[in-house]
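Student: Take a look at the letters that make up each chain.
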Amino acid sequence: MSVELAPVTLAPGAVVELDLDPLMAAVAARADLATVSVQIGNSGPAGSLIGALTGHAPRTGATYDVPLRDPGPNRSNSGAYPWRIDGDYQTVASVTNVGDEPARFIAELYYPGGKYLFGPRALAAGETALFDLKQLRDGRVPDANGDVLPENVPSGQFRWRWFPNGHAPHLIGRAAVQSATEGVSASYSCMANCGANGPSYQIDGNNVVFAGSYEVLNTKEVWCGATGACSAYNTNIGGPVDNRDIASLGYLANGWLKQNGLAGGDTFWWFDYWYGYEFDDGFDCRYAQDLVQFTAPITVRPRINSLSPARGLIGSSVHVIIQGSGFQFNPDVQIGGSGITKTINIGNSNNFQLDVTFNIDSNASPGNHAVTVTAGGQTSNNMNFFVQVPSQAVPADVQGAQNGVGPLQTPVNGDVVDLNGQVKGTGQCGVYRNYAYYLLDQAGQRILQAYTVTETFTSYTGPFSPPTGNTSTVPPGLALTDIQSVTFPSPQCVPAGLIENFDLGFFVTSGARNFPLSTIVHIRRGRNIAGTLLVDATITTP
Amino acid sequence: MKAKLIYRLALALVLAGLLLWSAPPGRTATGVVQAAARPAQEPVPIKVPTATIFVQTLITAGAPGGIVVAPACAEPAVQPLSSHASSLEDRLKEIVTFDPQYTVERRAGVVNLIARGRQSAPLLDIKVAHFEAKRVGSAAEALAMLLAAPEVKSRQPQTGARLFRGGLGYFDPANPTAAQSRSSRFDVACHNCSVLETLNAIARAQGQGVWVYKQIKCKPGQHYYSLDFLTP
Chain A
1 MSVELAPVTL APGAVVELDL DPLMAAVAAR ADLATVSVQI GNSGPAGSLI
51 GALTGHAPRT GATYDVPLRD PGPNRSNSGA YPWRIDGDYQ TVASVTNVGD
101 EPARFIAELY YPGGKYLFGP RALAAGETAL FDLKQLRDGR VPDANGDVLP
151 ENVPSGQFRW RWFPNGHAPH LIGRAAVQSA TEGVSASYSC MANCGANGPS
201 YQIDGNNVVF AGSYEVLNTK EVWCGATGAC SAYNTNIGGP VDNRDIASLG
251 YLANGWLKQN GLAGGDTFWW FDYWYGYEFD DGFDCRYAQD LVQFTAPITV
301 RPRINSLSPA RGLIGSSVHV IIQGSGFQFN PDVQIGGSGI TKTINIGNSN
351 NFQLDVTFNI DSNASPGNHA VTVTAGGQTS NNMNFFVQVP SQAVPADVQG
401 AQNGVGPLQT PVNGDVVDLN GQVKGTGQCG VYRNYAYYLL DQAGQRILQA
451 YTVTETFTSY TGPFSPPTGN TSTVPPGLAL TDIQSVTFPS PQCVPAGLIE
501 NFDLGFFVTS GARNFPLSTI VHIRRGRNIA GTLLVDATIT TP
Chain B
1 MKAKLIYRLA LALVLAGLLL WSAPPGRTAT GVVQAAARPA QEPVPIKVPT
51 ATIFVQTLIT AGAPGGIVVA PACAEPAVQP LSSHASSLED RLKEIVTFDP
101 QYTVERRAGV VNLIARGRQS APLLDIKVAH FEAKRVGSAA EALAMLLAAP
151 EVKSRQPQTG ARLFRGGLGY FDPANPTAAQ SRSSRFDVAC HNCSVLETLN
201 AIARAQGQGV WVYKQIKCKP GQHYYSLDFL TP
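Chains A and B are the protein sequences, given in the same order. Heads up: the first sequence at position 160 corresponds to 160 in this note's numbering, and the numbers run straight through without jumps. Heads up: the second sequence at position 216 corresponds to 216 in this note's numbering, and the numbers run straight through without jumps.
In short, the hints are calculated from the structure, not lab data. Please read these numbers as outputs of a predicted model, since none were measured by experiment. Yeah, the Cβ is synthetic: ideal placement off N, Cα and C, and Gly gets one too. Among these hints, one or two may not hold up.
As the list claims (entries may be wrong) - The following label-pair restraints were derived from C-beta to C-beta distances:
| hint | chain 1 | residue 1 | chain 2 | residue 2 | range |
| --- | --- | --- | --- | --- | --- |
| 1 | B | P150 | A | A450 | 37 to 45 angstroms |
| 2 | A | A496 | B | A61 | 57 to 65 angstroms |
| 3 | B | N175 | A | D266 | 44 to 52 angstroms |
| 4 | A | A450 | B | F98 | 38 to 46 angstroms |
Extracted from the complex, chain B is given alone in its bound form (with noise of 0.2 angstroms):
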């Protein structure tokens, strides 16, 4: 018993020192980016979670998409950004291959980036009979139309509630409604799909949509969820 406390203090120590030597100055030993005092005139390696990664692959590449995101309640698994230009297959490749608990599914011309055994994504697999958005404004539009339907409402005490937490967007504070009215409408539909398969068909729709589903269950007793579009 002594010598398997003194075996995990000894590893506890190395791991500690693993992380104090990796971490450059001025960052962080989570290694998640933390603003350099000059604007970088050499090339700082900038490790963000795999999730973020993954949606600024997709909204830079303009590909639709979405990811199902592994359930973490502490800081998220980072990997260094790319700085050298590269195909988004390729940054996908990248993007499994430094965290292997995501596998890359391509849906219909829609990139999926799914946690292995998302078995705790119950939403997701909710199927739902009849969804029809016409001239929508938005992918969030027609994603509150979805969570709207009864199929998804009846299942709320197995998701859990929808935790909105923001996001960021773009104002023209010389015109400030124009913003609103730079997307184009559209029209999409989803008959027996799973939800998301119907997300999946917003993206597709909307064009460059990319959406982020994420569990939450860091508590006894408490369990979230949050499911957002990204894009307008």
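The shape of chain A in the complex, shown without the other chains (with noise of 0.2 angstroms):
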């Protein structure tokens, strides 16, 4: 609201007083309304015309009397002023555009033991930005930073200075300090000391992001004073990505941005600003700007955040899909230890997976190799691959064979059935078992990949000699099983006292190596003397 007078011409040497009643009228008008201010324009030659603005306060009986300055010439465009909350003191601080362009300014209090940094403002021109020093110490209102005025402090500075813009700023400012105890009221309208400069701006935290993720930055806005000692204010700072491929940025919080991580590479981000500084020139303090630039880098790190399989066996080859983030340019894998080659599917490939193929040589360095990737140059975390030897054959709790071991089956001119209902033998007359095992590697852990496994016989004692070793290729997942048979065509049967015993083992060959497994299955059967058909296995693992 603003309330305009009607216009007053003075001869030379006149005083006049104006009559401000439409003003008080209209601010009686509104009670929510705490202060108010006055512009005066004069049409006369500069310097023809000065004034004196004189407040009452009814409620305190109290006169105020309030200069009235002229903006003048644009010089340093700052000011630090004394203010005063203590008891009933009050200040109130105001800056005032008072050129023809927007211009911002940024302000702080400084009180014993610390500051309070408001950050900047703009203001439209002729807009006045008011600061009740008061309200904010006691209403708890956090600045730039977040923090806030101490609960009793009860005095310090007030200093406020141009922001430089494309044009030059013109600002003017004040500072009101009351006492109606003391009687007391002051208006301050002091120039900051020369020498004020910038802004700059500062970032902390991490530039190097993974893709997928992101990474906080605290961004700041610096200013320096005449003495060197600098403030640093939360602010929000932002611009375009130079390959918007590689990163992007997300405003957080104030203060606070996110650098997003998009795929593998460097790239960096940048805004334009005005930086002003004052200085003097043996005369007065000047003010001057220039235009410069803001770079910051962002380094994106491919990230790796799965290998399935992420364990594969030796001598073998294994299509291994690397799941992450950031593998669009120029991937690349790399793999530690010795012994294993890799061909990249670029075809199945994007930037969240990539279609690997793992030549495992037969001679492959056993257990964890480092598995990295590179994409734009730069290299993701690493990942352990598995190289799995195969080291024993454990029972397999599997349909028809509780904890790898089946029911004994006495035939009579019956069928000798594996465990997947397939029959075997037709006729048949004797004593047979089903087993099934899974195989494990050097930790422990199952081999799920297809592997040959050859069975071996040794301190065979009974009535043959030991049985001839089959080799069976077990498809990926799948259980070895095993028939461990004593059988004869119907009517000739297994007679009494046919036992027999033998050591079974086994070796796997992958990559044309083999490699023998530590378990022993220790066989006992046939029919013993009493007529009792037995098929007994004693399983070892050393």
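The two chains are supplied separately, each in an independent frame; assemble them into the complex guided by the hints.
Tutor: Structure, rendered in structure tokens:
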């Protein structure tokens, strides 16, 4: 709301008292106006008019003298004023844009032991910013960095200064200090010392970010006074990212910026800003400003989230899907240790997964191999791929063979049936039992790839010679099965006293190399003297 | 007589000494595989019977074939497993070089390892006038049909009874019947063929069939044979 009074013409040397009744009437209709400002325009020559504004508080009876200031020539655009808010003291500081263009300024409160930082403030042409310092303190109003004034802070200094823009600012300010009990009404409009400069920008945080993730940066604006002491304000800055396929920026909170990693590589972001500075030219404090550019690098590392599978049989080729993020630009895969080469199927790969075949030599080092991905010249985190060496066979608890051991079967003119229900022999008489095993690696984990296993027989005692070792290629994920049988075509059967004893062992062949398993199965089968049919297995794994 | 006895005793001691000397720690003097306590970081020479090596060689190569195992009532002769990649032809040469009691024969794409002087394999020479198996699901199924042929059954007094001793396979715990259906069905026919020729025909028709025949005659008056296809 504004009230415009009628123009007044003064004769040379004349003194007039302005009638502010229309203003007072307008104010009386508003209960929400704590303060008003008065502007007086002079159409006469510069320096031809002086004036004063006197305020009267009806409640206290106090009278206040409020100086009217001529904005004058554009000089330092800064101020440094004392303030008090102890007892019934109150201080209201103001900054007014007296120029013709929008302007910005920053302001700070200094007090014993700390600072209160307002941060940048924009003002339209003719606009005034008011700071009621007592309200700020008692209302626990946070500053730009989230800090508040101490509850009992009594006094300090209010400082403000220009904020550079594309054109020179033209700002004035003042602070009015009042105490009804002590009858004080003072107004300050002192200039700050010459030599301030700013802003500059300060970024704290990690600018190396993993693709698919983000890193948080604290962004501050830094202003330095004439003494060289600087203040840093939380502020929101940002700008275009040079390569938007690699990274993007996002707002998180005041003074907090997210760097989002999109793809492995290096890029940067930037913005242009005005940097202002004061200097003493020997006669006066002058102000100048330059347009400068701020740039900040971002490094995005590809990230591996998983390898699937993360284990593979020595001497085999394993199709591995590397899932993660940031694999878009010139991806490559490195595999530590010795003995694993790779082929990347680029056609089936994208920013989030790589389709890779690991060729594991039969002499590859067993155990963990660190896998990393490079993309855009950056290297990912590493994740282990485990080279499995066949080490032992353990009983597999499967349908038809609880804990790896099936029930004793004693067909008489019957079938010998394996765990799949497949008939292996018809019209048989004798005894058999089905067994099931899983193949484990050196760490006790299952080997889930296809493998070729051969059985061996040692320490044979019995009426026959040892059986001939069989070889079986077990498809991926399946259990190895073994039928231990002594049967003849009916009506012939196993005679009493026909007992075989032997040790059954295994070796796995992979990549032209043979890996013996530590598991030994001692088998005793046949019909004992008492006529009992039996197939017993004692499985030992050192 | 006494000198002969001393000579034999000395020879036995020398042989025993050689066996003990050649047996590395943790292995038996027979040289047959024993489990290592830890996975092999260095190649461990594994020695297994010739028949086992032959079977393993054919199955890993995916080649059809069969073996007539040399009759033996004690532990069979062993030889080291090759730990280097080589062709099937080279592997077969290695096998018969180590164990000269065998010879390799090739019959229309089927590899046979035959014990020399296999006069103790009467079953294999039996002629079968007509053998025909249609849409069989496994080599073992075709073998059962062959052994049920009248020409074969009638010769059991000479061949002895077939001894079935089991063997390896695989099983899908998540889908217990799936393993049965993995093998595709095939036809096989052989007319006026010997059992050996018919076995080879089955191996060839199945594609990767490997049969093992062994005549067992270790006690007077007891003779058996084992004959199995070791592939699905």
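Student: With reference to the structure, classify each hint as holding or not holding.
Tutor: Evaluation of the provided hints:
1. A hinted range of 37 to 45 angstroms for the beta carbons of B:P150 and A:A450 is consistent with their spacing of about 41 angstroms.
2. At about 43 angstroms, the beta-carbon gap between A:A496 and B:A61 misses the expected band of 57 to 65 angstroms.
3. Look at B:N175 against A:D266: about 50 angstroms separates their beta carbons, and that is inside 44 to 52 angstroms.
4. The given range of 38 to 46 angstroms is broken by A:A450 and B:F98, whose C-beta atoms sit roughly 29 angstroms from each other.
Of the hints listed earlier, those the structure fails to meet are numbers 2, 4, in rising order.
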